[in-house]
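What follows is each chain in one-letter form.
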Amino acid sequence: MYRRSDELGPEMNNRLALRIAVFGGFALALFAILFFRLWFLQVLNGEKYLAEANNNRTREYRVSAPRGEILDRNGRIIVANRTSLALQINPRKLPAEEAERRGELAQLAKLIHTTPHRLRKTLHEQLLLAPSAPVTVRRDVGDYLVYYLEENQDRFPGVGVQRVFVRRYPHGTFAAHILGSVNEVNEEQLKEARFRGLQPGDEIGQEGVEDTYDHFLRGRPGIKKIQVDAFGQPTRKGQLVSTPPVPGDNLKLSIDSAVQEAGEAALAARGLPGGFVTMNVHTGEILGLGSSPTFYPSLLTKTLTQAQVDALYRDPVAAPIIDRAIAGLYPTGSTFKLITALAALESGTITPSSVIEDGGSFTVGGQSFQNAGGASYGSLTLVPALQVSSDVFFYTLGYDMWDTGQLQRWAHRLGIARPTGIDIPGAEEGLLPTKQWRDELAAEGLAEERPWSAGDNIQLATGQGDLQTNPLQMAIAYATLANGGTVVTPHVGLEVTDAAGRVLKEFAPKPRRRVSFKQESRDVILEGLHEAAQAPGGTSYAIFGGFPTPVAGKTGTAQRVGHEDQSWYIVLAPYPNPRIVTAVTIEEGGFGAESAAPAALQILEAYFGKHSSGESGPNGGSPG
Amino acid sequence: MYATRTRRARPEPFALRPGIAERLGLPYMDASLGIAAAGLAAFSVFVLGQATKHDIPGDPSYYLNRQAIYAVLGLVGMYVLARIDYSRFRELRVGIYTFLCVSVALVFVFGFAARGSRRSFELPFFSFQPSELGKLLLVLALAGFVIDGARRGSPRQRTVRYLALGFAPAALVFLQPDLGTSLVYGAITLAVMYVGGVRWTHFAVIGAALAALVALVIVVAPAIGTPVLKEYQQQRLTSFTHPSADPSDAGYQQNQAKIAIGSGEKTGRGDKATQTRLDFVPERHTDFIFAVIGERYGFVGAAFVLSLYALLIWRALRIVTLSKNSYGTLVAGGIAAMLLFQVFVNVGMNLGIMPITGIPLPLMSYGGSSVLATLLAVGVLQSIHMQARLSQKGRFAR
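Protein chains in written order, with our numbering: chain S, 316 to 939; chain Y, 561 to 958.
Among the clues, some could well be false.
Cut-off 16 Å, straight-line C-alpha distance, at most; resulting in silico cross-link-like pairs (EDC-like, lysine to aspartate or glutamate) [stated by the list, open to error]:
no., chain 1, residue 1, chain 2, residue 2
1, Y, K826, S, E362
2, Y, K832, S, E367
3, Y, K832, S, D544
4, S, K539, S, E375
5, Y, K953, Y, E582
6, S, K825, S, E810
7, S, K408, S, E499
8, S, K408, S, D544
9, S, K617, S, E499
Quick caveat, the hints were computed from the structure, so don't treat them as lab data. Note that the coordinates shown come from a computational prediction; the quantities given were computed from them, not determined experimentally.
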């Protein structure tokens, strides 16, 4: 092919020239690719990569802000903060070697009393949320552990301790059901508009007023921006900018510690599940609200053990976490008679002077309804009927209104089985049995269900049967009657103040609605309730007869299937122009006068003990 | 373009007034080639000086000093080689080839292990990496074998022989392990065969076989549990297809290099460069030095450097066509391919369009062996150029 070993002939020259030309073209193409790619990266997309480079080299550290304190209406601290040491793992600094990393985590797990499996799971879950951010694996570590880790730092690369703020509850179980807790924001919450801007690991209020007023309490975390190298190590003079954290504002509650303590003590003394609420009838400010059994809110600041979770949440009947005052679902017994009386008066079923014969029992359609205790009170008008709590009187009213819907209409107007608008999450609406509701159930063909009957309305008239409500709704109904028709919005949040005590915002939620009824109806019902509480022969005269302040109160004894009778007491004070309403219920507490009324008395004693001048309390004023 | 040889060459300007330049042989050398090579080496020293100031505590000019020494030594070597008639290497082909294989193999015995791979001898002043010089030696020897064997055997036998000659040192280097350099050996072998006239059909078969081999090594071998590549090699080869967030991962490194270059924008970030200053880009003084240039000096700087490489390779290709004999043609072709392959793979890797193979950027990456070998290769190119000019002059004088 070659003519001479070292000299190329003309034929080869042409072929070689072609090959070299192809080679040159190939080289040209490769350089064109490089130049174009360079142009693409630096000129067309330079800005994007510059931003990425800047993002790369800066690390933002959030400096957590202390949450605002929660105070009672007089400024007493209910929830404060304390600093605590939290154990954090920086995943970027963990050993790269799989076996080494596992070994370290296993050792660490032993130190913090968990299993390596659970520790790795926590780590994994947090890393999915925020890749390469430090993960808090345990709060409130003891000093001994911190010292140990510091002395053995080389054995625990990537493990650090950070100072964090933790809620402190100086008064134990005080107001546990109102407060709620503080915990790390979860994945679903991060998607909510109100938590925009938060990052995994940030803490927010969960449940209670911590949740409702989180926006004010939370504060703004500070941001420390520093320059780091590829290994996340801060560079020299690398502090770029820093914004200090802004502490949260303080929340002042309408809670009156004296009332709250009295209520909690009264429930605790009886040792039975129950709930209470004391509310200003004009403004809806809640002075005390509690539920028994209760719990230590401080428990919720740490990771709960399974046993603690079970104790708090599992038991559907005795679970301490349930707030019976707003989430209980109970029939109310005779405390409902206030609503029955108003419905009867306003619908013209009776007048204050109508007389009904109480012969001890009431028979309709072959079914006989008895007075409690088999008593019979003879001829009664409304006031004495309320005073002695004649069931037959109210059975008659229930029967008279059984297919008019008037009883349901008035119960509905007064707020039974409706949202109350309270600023504590977790309230239940309950159930007001109506003709329509029962007829629909019956139409669905459920075997044990039957259409609406007079018996249903007779039951409802005395607060028995299918009715499901709670102390808060009943307190609102009583307050509405007492204040002349304003359905107040119950609330515990009073005002937001800054650290210096200046008021930044006041909460005075507008009434839910207005209900109009005759002044005479109100007066006569309150008179009946006053007689019941403080006139000889009244159902709770034994309890309230000697109470120095005139009050109007009604006992209730609710029958619950599968339970002993439930004790109720609802009282308006002072009579005749009430400022406050207190509703107490005690599960399996027996007659109203047996347990709920004495508990209510304790609460009123606390309230009037403080406001001993009686007539000129802080929220005095005449009803509308 | 080859036709220029048959045309009467224009008189050399200094031809009739022999002076110091004539005596140094300068008029017969390719000035553009020399400027491109020296310019790249000088730029490398400059970049290393700026980018590695804080790398060695207490010695801000550690890399700068050493790279400067290598560059000066290399330029001297380049000149010396330029004055030697390269044709002698053809006669020494067997010796050169033997030296190449033995020196590369000796690394296994006396080699200095760095990061799990034995590539170099530890000498008093620097560590010598025989496989770098081996690139040039392979070109010189293989071109000789191709010329020598041009009339022996059938075309197919010749093709197989050339492949075997190239494969032996490539395999030794691959086992060090140094995947990148073995790929350069492969590229050199193919280029010399290409310029040497191996049939297109043979290249088609070789291409198909290579594609099958790559598929086998990357996909099939790991799948059946007998991996040919080390895990990190495999990872590096495939990582440019999937950027990763793990700093210890090859995909992360490449992504960081891409960010570094992009962030340089048009005119660069100078001393404000963070990607290559704060360790986001690894190996910034060797394999990823182009990312440093891209970030610090922007499109202007990076395009300037690429232009110098384009000039270098254009001049090399021009010398292919000028050579007075076909040995020079093959040698120049091999060197041009060696430079082109390394520049494209390294810069492509920095730009995120080629896999990470550990191939240094010729003349730019820090490293004595690479700088020396590349400048010596340029010296051989100069020698081919000089011999061509001298023979033209001789003809002219006749």
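For each hint, the structure was consulted:
1. K826/Y with E362/S: holds (10 Å)
2. K832/Y with E367/S: holds (15 Å)
3. K832/Y with D544/S: Distance ~14 Å between K832/Y and D544/S Cα, so the pair holds.
4. K539/S with E375/S: It holds: about 6 Å lies between the C-alpha atoms, which stays within 16 Å.
5. K953/Y with E582/Y: holds (12 Å)
6. K825/S with E810/S: The given pair, whose Cα atoms are some 15 Å apart, holds under the 16 Å limit.
7. K408/S with E499/S: Violated. K408/S to E499/S sits at ~23 Å, over the 16 Å cutoff.
8. K408/S with D544/S: Answer holds: K408/S to D544/S is near 13 Å, not above 16 Å.
9. K617/S with E499/S: Judged against 16 Å, a Cα distance of about 11 Å means the pair holds.
Comparing the model with each earlier hint shows a violation of hint 7 alone; every other hint is respected.
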